[in-house]
Amino acid sequence: AQSVTQLDSHVSVSEGTPVLLRCNYSSSYSPSLFWYVQHPNKGLQLLLKYTSAATLVKGINGFEAEFKKSETSFHLTKPSAHMSDAAEYFCVVSNQGGKLIFGQGTELSVKP
Amino acid sequence: KAGVTQTPRYLIKTRGQQVTLSCSPISGHRSVSWYQQTPGQGLQFLFEYFSETQRNKGNFPGRFSGRQFSNSRSEMNVSTLELGDSALYLCASSLSIGGGQETQYFGPGTRLLVL
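The listed protein sequences correspond, in order, to chains A and V.
Here the numbering used here = 1-based position in the first sequence + 540.
Here the numbering used here = 1-based position in the second sequence + 1346.
Just so you know, these hints were derived from the structure itself, not from any lab.
Each residue gets a CB set at the ideal place from its N, CA and C atoms; glycine is no exception.
Take the hints with a grain of salt, since some may be wrong.
Unchecked claim - Stretches of chain A that chain V covers, calculated by requiring three or more beta carbons in the stretch to come under 8 angstroms of a beta carbon on chain V: (1) 585-591; (2) 601-610.
Unchecked claim - Quick list of in silico lysine-lysine cross-link-like pairs, DSS-like style, CA-CA up to 25 angstroms: (3) Lys-1347/V to Lys-598/A; (4) Lys-639/A to Lys-582/A; (5) Lys-608/A to Lys-651/A; (6) Lys-609/A to Lys-651/A; (7) Lys-582/A to Lys-1347/V; (8) Lys-589/A to Lys-639/A; (9) Lys-609/A to Lys-639/A; (10) Lys-582/A to Lys-608/A; (11) Lys-598/A to Lys-608/A; (12) Lys-639/A to Lys-651/A; (13) Lys-589/A to Lys-1403/V; (14) Lys-598/A to Lys-582/A; (15) Lys-582/A to Lys-1359/V; (16) Lys-639/A to Lys-1403/V; (17) Lys-639/A to Lys-598/A; (18) Lys-1347/V to Lys-589/A; (19) Lys-582/A to Lys-609/A.
Take the sequences, apply the hints, and build the full model.
Okay, structure coming up:
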């Protein structure tokens, strides 16, 4: 069975400093992994996805994530936070049937 | 292309009533999935439809049902509403069922409040 654990429920950074949102996954086969972002009262927007091509995946708005099989991790990073990055972020693994399994979410706060 | 649309955006019902939510996928997308989002349980998969057939189902009671039409539009129905059904219901569409590699695009959701 697949599962995903987001290691921090809340992360707070200052504007202009790096962002690191941590995610570990469990999968019995080579997984597809995604990061989605949800702004208040909005739906989910895809940031990036990994599907067994390059292990470093670049997404929208300057975000990227690195797939590390040995550590079963898929952490999301951004070099410099912007106020508009404040939102909830979900790490997601997809099973072979296409069902998405979501982490519990990490709320990112960005201080001026 | 227009994104995934969901109607209505907000809904208030009372216990025991039933509700129907609608989802129109991105043009050309044939797979539609439904998710429930609550503060306590997070995001949970309800079901997925492809070519008018339910392909996957999550762990929800039979009060939750859905269907898909020939134009790929989907509806989900919840009968005999309970307070715990209050949630944001999200619909997502993808081109097809791709063994887990298909990207799902989400709509803005329908927020249901059960009183």
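Comparing the hints with the structure gives:
With 4 residues having a beta carbon nearer than 8 angstroms to a beta carbon of chain V, the region 585-591 of chain A meets the requirement of three or more and the stated coverage holds. Given as covered by chain V, the region 601-610 of chain A fails the check, having 0 residues with a CB less than 8 angstroms from a CB of that chain where 3 are the minimum. A C-alpha spacing of about 23 angstroms is found between Lys-1347/V and Lys-598/A, which places the hinted pair at or below 25 angstroms, so the restraint holds. At most 25 angstroms may separate the alpha-carbon atoms for a hinted pair to count; Lys-639/A and Lys-582/A meet this at roughly 21 angstroms.
With a C-alpha separation of about 30 angstroms, the suggested pairing of Lys-608/A with Lys-651/A is violated against the 25 angstroms cut-off. This hinted pair does not check out: Lys-609/A and Lys-651/A have alpha carbons roughly 33 angstroms apart, beyond 25 angstroms. Distance check on the hinted pair: Lys-582/A and Lys-1347/V sit about 19 angstroms apart at the alpha-carbon level, within 25 angstroms; holds. Annotation: proposed proximity of Lys-589/A to Lys-639/A holds, straight-line Cα distance about 15 angstroms (limit 25 angstroms).
Taken as a hint, the Lys-609/A and Lys-639/A pair is honoured in the structure, with Cα atoms around 21 angstroms apart against an allowance of 25 angstroms. A distance of roughly 30 angstroms separates the Cα atoms of Lys-582/A and Lys-608/A; the hinted pair therefore is violated under the 25 angstroms criterion. The suggested pairing of Lys-598/A with Lys-608/A holds, with an alpha-carbon distance near 15 angstroms, which does not exceed 25 angstroms. Between Lys-639/A and Lys-651/A the CA atoms are separated by roughly 35 angstroms; this puts the pair beyond 25 angstroms, and the hint is violated.
With a C-alpha separation of about 23 angstroms, the suggested pair Lys-589/A and Lys-1403/V falls inside the 25 angstroms cut-off, and the hint holds. For a cut-off of 25 angstroms, the pair hint linking Lys-598/A to Lys-582/A stands: about 23 angstroms separates their Cα positions. A hinted pair counts as satisfied when its Cα atoms are at most 25 angstroms apart, and Lys-582/A with Lys-1359/V qualifies at roughly 21 angstroms. Under the criterion of a C-alpha separation no larger than 25 angstroms, the hint pairing Lys-639/A with Lys-1403/V is consistent with the structure, at around 9 angstroms.
The hinted pair formed by Lys-639/A and Lys-598/A meets the criterion: a straight-line CA distance of about 23 angstroms does not exceed 25 angstroms. Distance restraint check for Lys-1347/V and Lys-589/A: the Cα-Cα separation of roughly 21 angstroms lies within the 25 angstroms cut-off, and the hinted pair is therefore satisfied. For the hint pairing Lys-582/A with Lys-609/A, the CA-to-CA distance comes to about 32 angstroms; that exceeds 25 angstroms, so the pair is violated.
When the structure is compared with the earlier hints, violations turn up for hints 2, 5, 6, 10, 12 and 19 and for no others.
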